Amino acid sequence: MADSNSPRDGTLTAPHVLEFNYTRTVGPVTGRFLTGLRDSRIEGVKTAKGRVIVPPTEYDPDTAEAVTDEYVEVGPGGTVTTWAWVSRPRNLQPLDRPFAWALIRLDGADTAMLHAVDAGDPSAMKTGMRVAPRWRDERIGMITDIECFVPAQ
Amino acid sequence: MSEEASEEASKEASNTITEIIAPCRLDYTIAAGEAQRPFLRGLAGGKIMGQRCPRCSKVYMPPRGSCPTCAIPTQEEIEISDHGTITTFCIVNLQFYGQAVEVPYACCSILLDGSDLPFFHLVQEVAADQVRMGLRVKAVWAPEEERKPSVESVRYFKPSGEEDAPYDSYKEFVS
Amino acid sequence: MRDVAIVSFSQSRHVRRDQQRNEVEIVMPVVADAVEKSGLQRSEIGFTCSGSTDYLVGVPFSFVMALDGVGAWPPIDESHVEMDGAWALYEAWIRLQTGEIDSALVYAFGKSSQGDLPAIMSRQLEPYTTATLWPDAISIAALQARVLIEGGHTSERAMAEIAARDRANAKDNPNAQVTGDFEVDTLLAEPYLADPLRKHDCSPISDGAAAVVLVAGERARELTDRPAWIRGIDHRIDSINFGARDLTRSPSAALAAERAGAGVDKLDVAEIYAPFTHQSALLERELGIGNGTRINPSGGALAANPMMAAGLVRLGEAATAIHKGSADRALAHATSGPCLQQNLVCVLEGE
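Chains A, B and C supply the protein sequences, listed in that same order.
Going by the working numbering, the first residue of the first sequence is number 1, and it counts up by one from there.
Going by the working numbering, the first residue of the second sequence is number 154, and it counts up by one from there.
Going by the working numbering, the first residue of the third sequence is number 329, and it counts up by one from there.
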């Protein structure tokens, strides 16, 4: 405790870091999605009602029923359904320069997924714009195998 | 299934992602509270400070600013002896990541003279099989120039050479 | 259903950064004050339930230390939720319904100033494909704001008007943190914090605590001139997968309001926990708050947002309006999770 000491107001403060890597068992549905990402392929799962959920969940978010075992490849291109501009990126976020968070509906999907868009400037962002993934060369089966999305035609 | 196909299937399965390692790091600036500040500043000056409850007169070290029995604030600062008694202990034989001390070592519950709250600390300069309930110990302080407002100012405790404390003198804190 | 009332409420002065006191020291006087105002002795309290999250201060089991501070020895009957204190109140209300106890203490606290709150809030997201990207809470809210703005459900001006309304209301609230008269045009001239959100669209970061005492039946009438009776309380949840949700809606808020009986009679006061201005606009619609209801007379979360306690504060403020006789029927709302994922509604009445 207490490396920095600010006697003016009598307070006593110290830096503290909470750092721990979680090893998470992902289960067969998310596991299939992440395995796809490692192989630069994006897959969704079909619900009983025929909606395609991406990233796939074990359940239909509308009804909580189990999804089917039918997987479909989606994207890789998609449409931005909403976005928010980040002027000062934080530690562990996908990019270390200003970027947009966006919900992206990949072609063939019925839901949107969150990722970063490397657009350079907020003026380059627009709801409805087309984006495509920028894959990492080294992929390990994480959502971050997609480094970010980039504006596309 | 042919041997080749089975091998292919198991290869496929081992290729499936079943786990991820998700990094986590959060940075904080912790501010010591009213009760902690005199305690920490005391350690920098080579003193162990506690607080006394105005109602039941129990003395708490480390002080938390309140009495858990009376649920009222504790404010009276009391200097406490750096000699105490081991009320209970365990011997650690397990090496774990980041561990600074060599196994086996004794992790002890120590009741300082004048305090009503045992706390955990290391006891060293004694063989693990010589550590016992009732053993009298004293603080080994960091050299004066290395003392900080931190619990690290007390390096560890070691036997003080006094006669063992009788069980009755600390039984309230183990039963 | 057993009649249960909020008989007392206390809160700290919410501040941006309390460097002098730790969580226990912030919560202790608030709990002592709520118990004293209730007229009960500590020993009479049948159940204690708290709401907080250890991630805020980065100290595992800090909620246990807080429990120590409020007096947990000899052992008391207690519980804790890793949720806003409004959900701790719900648990206490359920316990009172069982008839096993006749009174309960509920408290909540949050010292957000020690860490990076928007980053910490990302830890409550889906852990495999969302939380691993570390999106901050303000950006997640901004995604919903844009959907509402571009869908014509609100506007940046309407959002600034909500900020101005709540900050002006907070002038009468000595515990609020951001108060005063603000011109909407001046607010709109400010730069974006996370386009399309400006600073005034976001609740402040606050250190603070709150506590209430619940008492069942006749005893509540003996203790208080005008108990705030809980006539309905319900909480509901939407999918954590916010990319699969219609972000212009909050079905869980609407359903909780319906189940709590919000719409069966006129509401004099509504205390809404909207951490962001656009969420206030959306919640007013989903909760069915109409003209003639005073919204956030305390200033709401936009005036002070002690994380984990701000929902319980809404219940306390609504109850206070009943206690003082400035309302006969009041609604209190609390939320949790990304984009108003989880919502609790409580309807309080005087008699």
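Derived by calculation from the structure, the hints in this document are not laboratory data.
Just so you know, not all the hints are guaranteed correct.
Said to hold, decoys possible - Covered stretches of chain A, going by a simulated chain B footprint (3 or more residues, C-beta under 8 Å): (1) 34-47; (2) 80-91.
Said to hold, decoys possible - Mimicking EDC-like on lysine to aspartate or glutamate, the simulated pairs with C-alpha atoms at most 16 Å apart in a straight line are: (3) B/K211 with C/D523; (4) A/K49 with A/E19; (5) A/K126 with C/D523; (6) A/K49 with A/D39; (7) C/K652 with C/E489; (8) A/K126 with C/E478; (9) B/K211 with B/E299; (10) C/K594 with C/D574.
Please read all numbers here as calculations on a predicted model, not as lab measurements.
C-beta atoms are modelled at their ideal positions from N, C-alpha and C, and glycine is treated no differently.
Okay, the hints, checked on the actual structure:
1. 34-47: It holds, with 3 qualifying residues against the three required.
2. 80-91: Coverage by chain B is violated here, the residue count being 1 at a Cβ distance below 8 Å.
3. B/K211 with C/D523: 56 Å, violated
4. A/K49 with A/E19: Violated: A/K49 and A/E19 sit about 42 Å apart, past 16 Å.
5. A/K126 with C/D523: 12 Å, holds
6. A/K49 with A/D39: The hint is violated at about 28 Å.
7. C/K652 with C/E489: The hint is violated at about 28 Å.
8. A/K126 with C/E478: 11 Å, holds
9. B/K211 with B/E299: Measuring from Cα to Cα gives roughly 32 Å; hence the hint is violated.
10. C/K594 with C/D574: It is violated: about 29 Å lies between the C-alpha atoms, which goes past 16 Å.
Hints 2, 3, 4, 6, 7, 9 and 10, counting from the list given before, are not met by this structure.
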